[in-house]
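There are 4 protein chains.
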Amino acid sequence: MGDGSSLTRLRVRYGETDQMGTFYNARALEWFECGRTDYLRMIGQPYVAMETRGVYLPIIEARLWFRGRARYDDELEISTCACMSGRARVRFDMRITQSASGREVVTGYTEHAFTEAGGRALRPPQWFLEAMGRGESGRSENAIG
Amino acid sequence: MGDGSSLTRLRVRYGETDQMGTFYNARALEWFECGRTDYLRMIGQPYVAMETRGVYLPIIEARLWFRGRARYDDELEISTCACMSGRARVRFDMRITQSASGREVVTGYTEHAFTEAGGRALRPPQWFLEAMGRGESGRSENAIG
Amino acid sequence: MGDGSSLTRLRVRYGETDQMGTFYNARALEWFECGRTDYLRMIGQPYVAMETRGVYLPIIEARLWFRGRARYDDELEISTCACMSGRARVRFDMRITQSASGREVVTGYTEHAFTEAGGRALRPPQWFLEAMGRGESGRSENAIG
Amino acid sequence: MGDGSSLTRLRVRYGETDQMGTFYNARALEWFECGRTDYLRMIGQPYVAMETRGVYLPIIEARLWFRGRARYDDELEISTCACMSGRARVRFDMRITQSASGREVVTGYTEHAFTEAGGRALRPPQWFLEAMGRGESGRSENAIG
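Line by line, the protein sequences are chains A, B, C and D.
Read in our numbering, the first sequence has 17 at position 17, and its numbers run on one by one without any break.
Read in our numbering, the second sequence has 1038 at position 38, and its numbers run on one by one without any break.
Read in our numbering, the third sequence has 2047 at position 47, and its numbers run on one by one without any break.
Read in our numbering, the fourth sequence has 3138 at position 138, and its numbers run on one by one without any break.
Quick caveat, the hints were computed from the structure, so don't treat them as lab data.
Hints may contain errors.
DEER-style ranges, computed between Cβ atoms [to be verified]:
| hint | chain 1 | residue 1 | chain 2 | residue 2 | range |
| --- | --- | --- | --- | --- | --- |
| 1 | D | PRO3125 | B | ARG1123 | 51 to 59 Å |
| 2 | D | THR3052 | B | ALA1100 | 48 to 56 Å |
| 3 | C | GLU2130 | A | THR115 | 41 to 49 Å |
| 4 | B | ARG1009 | D | LEU3122 | 32 to 40 Å |
| 5 | D | ALA3117 | A | GLY102 | 26 to 34 Å |
| 6 | B | ARG1134 | C | GLU2116 | 30 to 38 Å |
| 7 | A | SER101 | C | GLU2116 | 22 to 30 Å |
| 8 | A | GLU104 | D | ARG3103 | 34 to 42 Å |
Among chain D residues calculated to face chain C with C-beta under 7 Å, some are [stated by the list, open to error]:
| hint | residue |
| --- | --- |
| 9 | GLY3015 |
| 10 | ASP3018 |
| 11 | GLN3019 |
| 12 | GLY3021 |
| 13 | ALA3026 |
| 14 | THR3107 |
| 15 | TYR3109 |
From chain B, some residues computed to sit far from chain C (all C-beta separations above 12 Å) [stated by the list, open to error]:
| hint | residue |
| --- | --- |
| 16 | VAL1012 |
| 17 | ARG1013 |
| 18 | THR1037 |
| 19 | GLY1044 |
| 20 | ARG1053 |
| 21 | ASP1093 |
| 22 | THR1097 |
| 23 | TYR1109 |
| 24 | PHE1114 |
| 25 | THR1115 |
| 26 | ARG1123 |
| 27 | GLU1130 |
We treat Cβ as the ideally placed atom computed from N, Cα and C, and that holds for glycine.
Full structure from sequences and hints, please.
Given below as structure tokens:
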């Protein structure tokens, strides 16, 4: 991923493994969420503040490719960037790799609508588009681990 | 457990195992919650209805004894009963066993306060105490699987 | 879905909700796994027995569409069927609906490779293909809840 | 906690909240595990290396006191220390607080046996006792975040 991506580091928890000895697949969606959280913080619009302002980003679609193993206590890096998908949705692209080797573990994306608390669709707020635009031209040194 | 206990059946999910090959310990607290849900339904006060009425049962304390293994796809039974703990708390006792062999997997309890949505303490409602009293003298044929 | 699909029923656990008040998205992948487990049991090849025989089905890809809300204690139905995807992969299609209303909650699929315990690719075993073939022409009365 | 305790920092994930708006109780046991992992790394015996040497620490008992709220994206600190409990068990004490305010969120402990991979009880290895002894006299600057 390019310039405007955020970087998240985490270690695989024991409870995230399953009896196959690698991470359990559903945890990848939870790691994707960690990536989104750090991306939104990086562009100056932490998601906790967005919900406070009444803007929610419910997930509409997700796609995941499982590309490599990750074991208990492995350190992983999540690289996240975002772009608009049509006029009404935002799409986050995530790439999870092994910190030590750089090998891919999971890649994928999630798409989200903009809604108010009650679920009614919202037009994407101008301040969000502007923040994302700045994020896209930002640098990865802004990344938050 | 005696008469007024509810019975919950579930199968260990693959995602509930860890690399030791048995269930991951935190899942036991989630299974306890399944037991509480079925107990409250049995006594006629489903928790979803309680929250709608503005009565919440946040957890205050939990204790768990891990007594045996449970593997992927094993069928487990959760036996749950409840009593008041002092004047202001309700305590649920849970016992999880292997359906096939009856062997114990986890036992323990959780204690809960009564609060309104905002977290302010409530006196335990009379209708709850009455329902629980009837539950204690009920029979396990009322159990919901 | 048609004839050869299995049916799984479950209730949304409290711990499966998030602060948006609906289920947390990663749980859908866990529910998909419950669907696969019941499908494989239905066709006479429970996954626990497959791993014992040395045949593993690690996940390669997943896609999910989030179509509706599901709240704590809602009863959901998972309809699962399977087909080969190329010569080396099996694909499971899942459709999760509200039991009461039939409204869709999540749809999607997962694709899996065939490997031995160590991760080396296996040719799909003949007994698996045959069981799946029978499943495809089976009936939903074989479904396991 | 005193000198020989490790320090873990994490942020509450969105998927760790529930519809009450605070973290879901079972996640506390997962956070306890993060604390244990960092404690064992601090004393020079990472758990991943222990399992490689054939020494497992299955959980026998857990106790948790839920003392305060923690919301999505709150930064938490886990302070972990350990001592022997009788001759055959190790006990970890965990204290989770809000990083910003220092307010307690969850406190508790877990007790663990020493076993080999197959589950047979082991005498606590001398190298473990020595590492723990050094940990107890160590300093918190050794902490790993």
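Each hint tested on the structure:
1. Taking 51 to 59 Å as the suggested C-beta distance range, the pair PRO3125/D and ARG1123/B conforms, at roughly 53 Å.
2. A hinted range of 48 to 56 Å is violated for the C-beta pair THR3052/D and ALA1100/B, which are about 34 Å apart.
3. Separated by about 47 Å at the C-beta atoms, GLU2130/C and THR115/A satisfy the suggested range of 41 to 49 Å.
4. Under the hint 32 to 40 Å, the C-beta atoms of ARG1009/B and LEU3122/D, about 35 Å apart, fit the expected range.
5. For ALA3117/D and GLY102/A, the Cβ-Cβ distance of about 31 Å falls inside the hinted range of 26 to 34 Å, so the restraint holds.
6. For ARG1134/B and GLU2116/C, the Cβ-Cβ distance of about 56 Å falls outside the hinted range of 30 to 38 Å, so the restraint is violated.
7. Taking the beta carbon of each, SER101/A and GLU2116/C are about 23 Å apart, inside 22 to 30 Å as hinted.
8. Taken as a hint, the range 34 to 42 Å holds for the pair GLU104/A and ARG3103/D, whose Cβ atoms sit roughly 40 Å apart.
9. Of the supplied interface hints, the one on GLY3015/D holds, with its beta-carbon coming within about 5 Å of a beta-carbon of chain C, less than 7 Å.
10. At about 5 Å, the closest approach between the beta carbon of ASP3018/D and any beta carbon in chain C falls short of 7 Å, and the interface hint on this residue holds.
11. Hint status for GLN3019/D relative to chain C: holds, with the closest Cβ pair at about 4 Å, below 7 Å.
12. Look at GLY3021/D: its Cβ gets to within about 5 Å of chain C, closer than 7 Å, so that hint holds up.
13. For ALA3026/D, the interface hint holds, since its Cβ comes within 7 Å of a Cβ in chain C; the closest pair sits about 6 Å apart.
14. Contact between THR3107/D and chain C, as hinted, is not supported at the beta carbon level, the nearest pair being about 21 Å apart and thus beyond 7 Å.
15. For TYR3109/D, the interface hint is violated, the least distance from its beta-carbon to any beta-carbon of chain C being 22 Å, above 7 Å.
16. With 12 Å as the threshold on Cβ separation, the claim that VAL1012/B sits away from chain C is violated: the shortest Cβ distance comes to roughly 10 Å.
17. Under the 12 Å C-beta cut-off, the non-interface status given to ARG1013/B relative to chain C is violated; the minimum distance is some 6 Å.
18. For THR1037/B, the non-interface assignment is contradicted: its Cβ lies about 7 Å from the closest Cβ of chain C, within the 12 Å cut-off.
19. With a closest Cβ-Cβ approach of about 14 Å to chain C, GLY1044/B is found to remain outside the 12 Å limit, as its non-interface label requires.
20. No beta-carbon of chain C comes within 12 Å of the beta-carbon of ARG1053/B; the shortest separation is about 14 Å.
21. The non-interface label for ASP1093/B is consistent with chain C: the shortest C-beta to C-beta separation is roughly 18 Å, beyond 12 Å.
22. Every CB of chain C is more than 12 Å from the CB of THR1097/B (nearest about 19 Å), matching its label as outside the interface.
23. No beta-carbon of chain C is positioned within 12 Å of the beta-carbon of TYR1109/B; the least distance is around 17 Å.
24. With a closest Cβ-Cβ approach of about 16 Å to chain C, PHE1114/B is found to remain outside the 12 Å limit, as its non-interface label requires.
25. Look at THR1115/B: its CB is around 15 Å from the nearest CB on chain C, clear of 12 Å, so calling it non-interface holds up.
26. Under the 12 Å C-beta cut-off, the non-interface status given to ARG1123/B relative to chain C holds; the minimum distance is some 23 Å.
27. With a cut of 12 Å on Cβ distances, GLU1130/B stays outside the contact zone with chain C, its closest approach being about 22 Å.
In this structure, the earlier hints numbered 2, 6, 14, 15, 16, 17, 18 are contradicted, and the remaining ones agree with it.
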